[in-house]
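Q: With the sequences and hints as input, model every part of the structure.
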Amino acid sequence: MTPSPTTVRISDDALALACGADGVAAAFAAAGCTVERVSSWGMHWLEPLVEIDGLGFGPATPADVTAILDGTSSKAVGRIADHPFIAGQQRLTFARAGRTRPTSLGDYIATGGWAGLTRARAMTAAEVLTEVTASGLRGRGGAGFPAGIKWQTVANAPGTRKYVVCNADEGDSGTFADRMLMEGDPFQLIEGMVIAAHAVGAGQGYIYVRSEYPHAIAKLNAAIALAAEHIAPFKIEVRVGAGAYVCGEETSLLNSIEGKRGEVRAKPPLPALEGLFGCPTVVNNVLTLAAIPHILSEGGAALYASLGVDRSKGTMPIQLAGNIKHGGLYETAFGITLDDLVNRIGGGTASGRPVKAVQVGGPLGAYIPPAQFHLPFDYEAYTVADALIGHGGVTVFDDSADMGAMARFAFTFCAAESCGKCTPCRIGSTRGVELIDRIRSGGKGAPDAVESLPQMHNARKAGRSRADDLQLLEDLAETMKFGSLCALGGFTPYPVMSALKHWPEDFGE
Amino acid sequence: MTDPARLAEIIADHAHREGPLLPILHACQRAFGCVDAAAEAQIAKALNLSRAEVHGVVSFYHDFTPAPDPRPAVELCRAEACQARGVEALVAAAQGAAGGRVNLKTVYCLGLCSVGPAARVGDALHARLDEAALVALVNAQ
Chain A
1 MTPSPTTVRI SDDALALACG ADGVAAAFAA AGCTVERVSS WGMHWLEPLV EIDGLGFGPA
61 TPADVTAILD GTSSKAVGRI ADHPFIAGQQ RLTFARAGRT RPTSLGDYIA TGGWAGLTRA
121 RAMTAAEVLT EVTASGLRGR GGAGFPAGIK WQTVANAPGT RKYVVCNADE GDSGTFADRM
181 LMEGDPFQLI EGMVIAAHAV GAGQGYIYVR SEYPHAIAKL NAAIALAAEH IAPFKIEVRV
241 GAGAYVCGEE TSLLNSIEGK RGEVRAKPPL PALEGLFGCP TVVNNVLTLA AIPHILSEGG
301 AALYASLGVD RSKGTMPIQL AGNIKHGGLY ETAFGITLDD LVNRIGGGTA SGRPVKAVQV
361 GGPLGAYIPP AQFHLPFDYE AYTVADALIG HGGVTVFDDS ADMGAMARFA FTFCAAESCG
421 KCTPCRIGST RGVELIDRIR SGGKGAPDAV ESLPQMHNAR KAGRSRADDL QLLEDLAETM
481 KFGSLCALGG FTPYPVMSAL KHWPEDFGE
Chain B
1 MTDPARLAEI IADHAHREGP LLPILHACQR AFGCVDAAAE AQIAKALNLS RAEVHGVVSF
61 YHDFTPAPDP RPAVELCRAE ACQARGVEAL VAAAQGAAGG RVNLKTVYCL GLCSVGPAAR
121 VGDALHARLD EAALVALVNA Q
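From first to last, the protein sequence lines are chains A and B. Numbered per full-length UniProt numbering, the first sequence finishes at 509, counting up by one with no gaps. Numbered per full-length UniProt numbering, the second sequence finishes at 141, counting up by one with no gaps.
Hints listed in this document are in silico derivations from the structure and should not be mistaken for laboratory results.
Listed next, the in silico BS3-like pairs over lysine-lysine satisfying Cα-Cα at most 27 angstroms (straight line):
#	chain 1	residue 1	chain 2	residue 2
1	A	235	A	260
2	A	325	A	75
3	A	461	A	444
4	A	481	A	501
5	A	421	A	260
6	A	444	A	501
7	A	260	B	105
8	A	421	B	105
9	A	260	B	45
Computed spacing ranges between beta-carbons, pair by pair:
#	chain 1	residue 1	chain 2	residue 2	range
10	A	373	B	100	40 to 48 angstroms
11	B	140	A	130	56 to 64 angstroms
12	B	59	A	218	26 to 34 angstroms
Remember, it's a predicted structure, so these values are computed and weren't measured experimentally. Even glycine gets a Cβ: it sits at the ideal position worked out from N, Cα and C.
A: Here's what the structure looks like:
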């Protein structure tokens with residue numbers, strides 16, 4: 001009898017593919033192994049990570065195949081499930097990460113798939129709403145609005161045509177949890193959407209995915225086709241974005257699905273009352289909807305509510321990104337400090353240089369200096385510190401980072417991605433770039449020939465001091481913060497002002 | 001140039017959907033490499049929209065272009081996380097290698113933020129790029 005071939009598990013997540021997973025998989029197949037393509041464990045510095053009988057090897061290349069099969073590889077990392085990076089986490093949303101084949105219904109069912117939906121369907125809509133509210137789940141897209149209250153509003157809204165829209169336009173740099181979830185466990189997102197639809201009485205769902213995520217789009221489409229009979233009569237369709245960052249804002253996203261320019265709508269009316277095509281609509285982030293199946297499983301809501309701190313309940317899939325030694329996905333209860341995340345878990349910078357700053361919450365999040373690394377991961381604590389959790393991305397910078405340049409980039413990005421509807425964002429962002437350039441180049445001297453003309457009566461006749469320019473920047477930030485229609489213009493001041501506050505020396509002082 | 005008969009098929013494929021415009025524009029861009037003025041007019045007529053409305057949508061989104069670009073494209077991520085991992089130091093060399101032959105585009109985030117600098121060529125992704133790897137990637141197009 002010939003021994004059965006060794007089963008090798010390698011991720012087919014986009015990040016693993018970008019690191020060469022296909023080549024490694026082909027080499028194992030050529031060596032006679034059975035290769036299973038699974039989701040990613042989220043230990044990105046080890047990708048492509050090879051798993052054989054629970055033992056991990058990474059980052060693997062095709063050249064490592066012989067040594068790995070011989071048991072002589074220097075890339076062995078031991079039992080993956082016991083790795084400190086994995087063992088230290090509390091994975092609820094990402095419980096299947098690394099363990100299942102993303103589009104295998106069999107794997108999904110074997111790991112508790114559809115249990116939440118089955119239980120929810122045996123309950124009334126009101127009972128489902130009560131459980132979601134009791135879990136304390138808040139929107140994971142950034143704003144942190146309680147999911148149960150949003151759903152209740154949609155459920156109470158008059159009308160027979162309602163929608164569930166999943167916001168999968170994950171454009172924030174430093175975030176990839178939505179992508180990993182969609183690629184690694186698409187059925188869980190689908191199940192969450194069906195439960196939402198049951199709770200609010202919706203018949204159609206849309207998942208709006210950015211066009212930069214072709215692998216996620218393919219996985220979702222495959223999963224929706226496979227799950228059709230489980231989710232009927234509810235229907236889900238994937239809609240692909242077209243390269244506009246602002247479409248991650250919920251009203252802009254709805255306009256985009258409707259086939260319009262992705263311009264932000266003024267609120268009210270709330271999308272919960274007048275959303276997609278003017279109908280009551282639940283708009284939730286991927287991670288919010290993906291948390292639902294767990295919450296609706298037996299005892300799930302109470303467990304969820306028992307985790308976390310204060311009003312930030314449950315777990316948050318935190319993404320460790322940028323210049324970090326051990327980057328990847330770290331799901332844990334709220335309350336963990338940045339010091340733990342960056343230094344203990346993340347191992348400091350990838351470059352080995354000292355950490356200078358971390359940006360939490362994507363391009364619109366504040367830059368936080370090591371002196372504030374005691375901050376607990378909690379919506380309210382961050383708000384008090386003039387920062388935001390956003391989508392849970394933590395981007396690390398080493399001491400070579402020029403924070404003045406990062407502040408300028410925040411304005412440049414806002415100018416490039418502004419939808420143009422409101423003035424503070426559309427014009428303020430460009431004025432911000434100019435102002436930072438002026439501050440960094442030592443300020444503006446005496447007025448030029450045009451400004452000196454008598455008819456230019458609004459032009460300033462005296463030069464501006466650095467203090468004047470900084471005051472102007474502060475005024476601009478205030479105007480954008482309070483005058484913009486959405487978070488793009490409203491939150492761009494966070495990275496700018498935090499950089500200025502903590503690293504004034506990078507602004508040419 | 002768009003082929004009106006082919007575009008009519010594309011429109012017919014999607015016209016039954018709710019909010020069919022973006023799916024049609026994506027299919028048009030994929031089929032012809034652009035959404036030009038003729039295509040805008042034909043789509044507008046089919047969907048009973050004004051040409052201005054369609055043009056407004058086409059010009060809003062980065063993914064739609066008014067004319068085809070026959071050059072191969074390399075999309076390089078230059079968002080914060082890739083900046084933190086040193087992408088800016090690679091840009092000059094990549095631009096040098098691209099010259100006028102390769103369309104070196106900037107994107108903001110490919111979701112590979114822990115293994116940047118990252119780039120995309122079609123649906124193929126590349127991570128952990130250093131200068132040599134990025135230049136080789138550009139030269140290979």
